[in-house]
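Engineer: Sequence:
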Amino acid sequence: MTTYSAHGVRFQFPSDWGVQEQSQENELLITVSSQETSFWSLGLFFELPSPEHVVQTVLRALEDDYPEIDIYESQSVVLDQKGVSCDVEFVCMELINSAWIRAFQTPRFTALVMYQSTDYELESALPILEAITNSLECNFDVVDDEMRFLPSEPEDDSGDDHGHDHDCSCGEHHH
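FYI, the numbering for the sequence shown is 5 to 179, going by this note's numbering.
Quick caveat, the hints were computed from the structure, so don't treat them as lab data. Any given hint could be a false lead.
Listed next, with one range per pair, are the computed distances between beta-carbon atoms [said to hold, decoys possible]:
(1) Glu-98 <-> Ile-75: 31 to 41 angstroms
(2) Ser-27 <-> Ala-65: 17 to 27 angstroms
(3) Thr-7 <-> Gln-60: 27 to 37 angstroms
Cβ atoms here follow ideal geometry from the backbone N, Cα and C, with glycine treated the same way.
Please model the entire structure based on the sequences and the hints provided.
Structural biologist: Printed below as a string of structure tokens:
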């Protein structure tokens, strides 16, 4: 396993998964992705939009892109933080994709955790995606406004980077 630790967050992910950071003003998206189509993303929104707004924005983007979509309420909680969550299934290129969307607010940022997999790799990927979520830690006391958007390198024992670019294509996160 590899540990990502930067911007006041830390989580573990498989060493053979790639990691990518994308930032724009007051937002940071950290995505780790498998060799296939599964990925796990953590979005940090420093202007503190409501978790409801963040989840609705993601759902609107998915609904715009995928006409066949089912949205299910969820009571899932991340880091024992009260928030908003839902589970989604949608069809893309004749594959059923499942996504889990969780948002919560901290004193420093609103966080979005989203992970996704296709039906053919779901059985093997879901335990990994859930383990990444369960390993997430946030340091709510860190105040590093000047540092939060600096690129960071993950601590990787394998020395192998399988970075994937997630730019609005099938089976990948839209932001």
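Engineer: Give a verdict on every hint.
Structural biologist: Evaluated hints:
1. Range check, Glu-98 to Ile-75: about 20 angstroms between beta-carbon atoms, so the 31 to 41 angstroms window is missed.
2. The supplied range of 17 to 27 angstroms is met by Ser-27 and Ala-65, whose beta-carbon atoms lie about 19 angstroms from each other.
3. Checking the proposed 27 to 37 angstroms range against Thr-7 and Gln-60 shows it holds: the Cβ atoms sit about 32 angstroms from each other.
Of the hints listed earlier, the one the structure fails to meet is number 1.
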